[in-house]
Amino acid sequence: MTDNRREDAVTLDDCWNRIGVWSTEKASCPELQRFVHCRNCERYSAAGRKMLERPVPGTYRREWTRRFTDTRGTDRDASRSVLLFRLGDEWLAMDSLFVNEITPMRTIHSLPHKTSTVIKGLVNIRGELKICISIGAILQLDKARESYVTDHEILERMIFIEKEGQSFVFPVSEVHGIFHYTDGSLQTLPATVAKSRQTYTSGILCWNERHVGVLDHELLFYALSRSLQ
Amino acid sequence: MLMLLFQLGTSRYAIPVVEVVEVTPYVELETIPLAPVCVCGLFNYRGQHVPVIDLCRLINDTPCRNSFTSRIILVNYPLADGSRRVLGLLAERVTETVDIDPEHFTSTGLNMEGTPCPGQAARCETGLVQHITTTELLPEAIQSQLFPAEAG
Numbered sequence: 120m121t122d123n124r125r126e127d128a129v130t131l132d133d134c135w136n137r138i139g140v141w142s143t144e145k146a147s148c149p150e151l152q153r154f155v156h157c158r159n160c161e162r163y164s165a166a167g168r169k170m171l172e173r174p175v176p177g178t179y180r181r182e183w184t185r186r187f188t189d190t191r192g193t194d195r196d197a198s199r200s201v202l203l204f205r206l207g208d209e210w211l212a213m214d215s216l217f218v219n220e221i222t223p224m225r226t227i228h229s230l231p232h233k234t235s236t237v238i239k240g241l242v243n244i245r246g247e248l249k250i251c252i253s254i255g256a257i258l259q260l261d262k263a264r265e266s267y268v269t270d271h272e273i274l275e276r277m278i279f280i281e282k283e284g285q286s287f288v289f290p291v292s293e294v295h296g297i298f299h300y301t302d303g304s305l306q307t308l309p310a311t312v313a314k315s316r317q318t319y320t321s322g323i324l325c326w327n328e329r330h331v332g333v334l335d336h337e338l339l340f341y342a343l344s345r346s347l348q
Numbered sequence: 080m081l082m083l084l085f086q087l088g089t090s091r092y093a094i095p096v097v098e099v100v101e102v103t104p105y106v107e108l109e110t111i112p113l114a115p116v117c118v119c120g121l122f123n124y125r126g127q128h129v130p131v132i133d134l135c136r137l138i139n140d141t142p143c144r145n146s147f148t149s150r151i152i153l154v155n156y157p158l159a160d161g162s163r164r165v166l167g168l169l170a171e172r173v174t175e176t177v178d179i180d181p182e183h184f185t186s187t188g189l190n191m192e193g194t195p196c197p198g199q200a201a202r203c204e205t206g207l208v209q210h211i212t213t214t215e216l217l218p219e220a221i222q223s224q225l226f227p228a229e230a231g
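Residue numbers (this note's numbering), protein chains in the order written: chain V, 120 to 348; chain P, 80 to 231.
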């Protein structure tokens, strides 16, 4: 590949190395007054495009031909994404479309005369007070299990979710990150399940040999707005 | 309206991105014997056979250059019965998209029926850009050869 590149090299005036920001002496290009940095200059981007005008080596075309023959195309079909997080010893997933921000743990200011177990208080997110809720209380997850994972405070995060103007914050034990999946890999729930946690689940995903429940965002936001009344 | 820009010879053309399925490198194509010259081959696109039209050949009568910026634009080609087929368009300098207000497209004063250019052009930073429509892209003779079952 390298040899090919040498042969087909196009002649370029690398002014960014001569008089631009990458020059060894003082940058003297008058255009820098206007563009500040060479990467903002059209000469630089035009040179980049010119690099692509080179003839294509056969190996490149062959490699891409092979790649497109492949029907699996898993990365392409994985069009849906969820945020994976852990509550106690339970891994859950939430449609990443509704996740606005993940922040470190913040102080939860408790509300007086609070009767609901779902509402924990108020949290300051970028100067705005958001309602902090306990997702475990809604899903009726109990932490007392034999295989309980010990929590590390350093992993604890807060997830700020928002949908149609409604926003909530809830603390979690750990956030893994975004997970991409295909529509087909979302497994349906067994019909006999009646427990509260499962009714808030729209499906089950396989991740790292674990079964992760994907939260039904519509039902969750509905339940959360109900709990405020 | 976001448009995908490409070049045929020295002129710039644009196609609305809503019609584009994917842009792929200029891969190796299976030649089809006795096919019209502008049909440069069959693309095995993820198990689907997609005919690829060399737009340079169709419009300028010269084949596309074999460079990194020559790419295949896969478009949804509408058929007479309302269904859609994927069609590959080989063009040069497929490197950027540009947002052009549809109102900026004005008539060029020429009405060439049966050609891919509907006679609409707009001026953008890099110069004049001509609008191409996939519906009028192919001459009827080629269209009836390409998708005979659907067209008939």
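These aren't lab readings, by the way, just hints derived from the structure by calculation. This one's a predicted model, so the numbers in the text were calculated from it and none came from an experiment. Please note that the accuracy of each hint is not assured.
[Said to hold, decoys possible] Across the chosen pairs, the derived CB separations fall in these ranges:
hint : chain 1 : residue 1 : chain 2 : residue 2 : range
1    : P       : Pro112    : V       : Arg329    : 47 to 55 Å
2    : V       : Glu182    : P       : Glu215    : 30 to 38 Å
3    : P       : Val100    : V       : Ser200    : 18 to 26 Å
4    : P       : Ala159    : V       : Arg162    : 30 to 38 Å
5    : P       : Pro181    : V       : Glu272    : 24 to 32 Å
[To be verified] Quick look at which bits of chain P chain V covers, simulated, 3 or more residues with Cβ under 8 Å:
hint : stretch
6    : 97-109
7    : 152-165
Backbone N, C-alpha and C define an ideal beta-carbon position, used for all residues, glycine too.
For this session: Can you take a look at whether the stretch 97-109 of chain P is actually covered by chain V? Rule is 3+ residues, C-beta closer than 8 Å.
Result: Our answer is that it holds, as 5 residues pass the Cβ test (under 8 Å) against chain V, meeting three.
For this session: Return holds or violated for the Cβ distance of Pro112/P and Arg329/V against the range 47 to 55 Å.
Result: Taking Cβ atoms as reference, Pro112/P and Arg329/V lie about 54 Å apart, which means the hint holds.
Exercise. Between Glu182/V and Glu215/P, is the Cβ distance one that fits in 30 to 38 Å?
Worked result: For Glu182/V and Glu215/P the Cβ distance comes to about 35 Å; the hint holds.
Exercise. Measuring from beta carbon to beta carbon, are Ala159/P and Arg162/V in 30 to 38 Å?
Worked result: Since the Cβ atoms of Ala159/P and Arg162/V sit about 48 Å apart, the hinted range of 30 to 38 Å is violated.
Problem set entry | chain V over the stretch 152-165 of chain P, status - at least 3 residues with CB closer than 8 Å | violated (count 0)
Problem set entry | Pro181/P versus Glu272/V beta-carbon gap, inside 24 to 32 Å or not | 55 Å, violated
Exercise. Honestly, do Val100/P and Ser200/V meet the 18 to 26 Å range at C-beta?
Worked result: 21 Å, holds
Of the hints listed earlier, those the structure fails to meet are numbers 4, 5, 7, in rising order.
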